[in-house]
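Asker: Letter by letter, the chains look like this.
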Amino acid sequence: AQSVTQLDSHVSVSEGTPVLLRCNYSSSYSPSLFWYVQHPNKGLQLLLKYTSAATLVKGINGFEAEFKKSETSFHLTKPSAHMSDAAEYFCVGPNRDDKIIFGKGTRLHILP
Amino acid sequence: DAGVTQSPTHLIKTRGQHVTLRCSPISGHKSVSWYQQVLGQGPQFIFQYYEKEERGRGNFPDRFSARQFPNYSSELNVNALLLGDSALYLCASSLVASGSNSGELFFGEGSRLTVL
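In the order they appear, the protein sequences are chains W and A. Residue numbers for the first sequence, in my numbering: 121 to 232. Residue numbers for the second sequence, in my numbering: 3 to 118.
To be clear, the hints were calculated from the coordinates, so they are not data collected in a lab. Cβ coordinates follow ideal geometry from the N, Cα and C atoms, glycine included. Don't take each hint at face value.
Quick list of in silico lysine-lysine cross-link-like pairs, DSSO-like style, CA-CA up to 30 Å [said to hold, decoys possible]: (1) W:Lys162 - A:Lys15; (2) W:Lys224 - W:Lys162; (3) W:Lys169 - W:Lys224; (4) W:Lys169 - W:Lys189; (5) W:Lys188 - A:Lys54; (6) A:Lys15 - W:Lys224; (7) W:Lys188 - W:Lys224; (8) W:Lys178 - W:Lys189; (9) A:Lys15 - W:Lys169; (10) A:Lys15 - A:Lys54; (11) W:Lys189 - A:Lys15; (12) A:Lys32 - W:Lys178; (13) A:Lys54 - W:Lys162; (14) W:Lys178 - W:Lys162; (15) W:Lys169 - A:Lys32.
Counterexamples of contact, computed for chain A against chain W with all Cβ distances above 10 Å [claimed, not checked]: (16) Lys15; (17) Gly18; (18) Val21; (19) Lys54; (20) Phe71; (21) Glu77; (22) Leu92; (23) Leu107; (24) Thr116.
Construct all of the structure, not just a fragment, from the sequences and the given hints.
Answerer: If you want it as structure tokens, here you go:
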């Protein structure tokens, strides 16, 4: 069973407007959760990670995510999108075998 | 400090051939994981090795095998290549083997395999 589910395959926002990329997880406990970004023809880069120290996690490039146990969500946000944010974003977490599993990804498009 | 390094970066094979992909983890990292990323999809877990032992295997056929060496580098082998094996193969290293225990993965740039 998929441990993380990304709710949108594509998201388009205008430059300067907020970004919301949605991720739900399925777990009976509070797992470690991650967001990774992959720019075209580039490797995967860690944006941020949740490890139960704080529910609001700040990452690189102005991104942050909030762990909400009541909603089993770990949505990624950014107040103001930049053209350089156009990329594929992956929500990542452990499966029931405790191995790191990727969501299907959300392609973020930034409109000028 | 060097990050995760993978070789080769690109390669082309024909159906039925065999391929070996190599990965060197970050110094001090004892866990290596392999992922397959088909164009337009998210990475799929293939294997994890920790301290030279297999710790996990994804839903891949027996044509896929891997091993980890005493210096913690790793090889991924794929036999009897199929067209569908064309993908970006990613190697990731981590300090710990547990996904739930803050097992942050550090990725290499990948090896892009094309099967003709």
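Asker: State the violated hints by number, sorted upward, taking the hints as numbered earlier in the document.
Answerer: 5, 9, 11, 22 and 23
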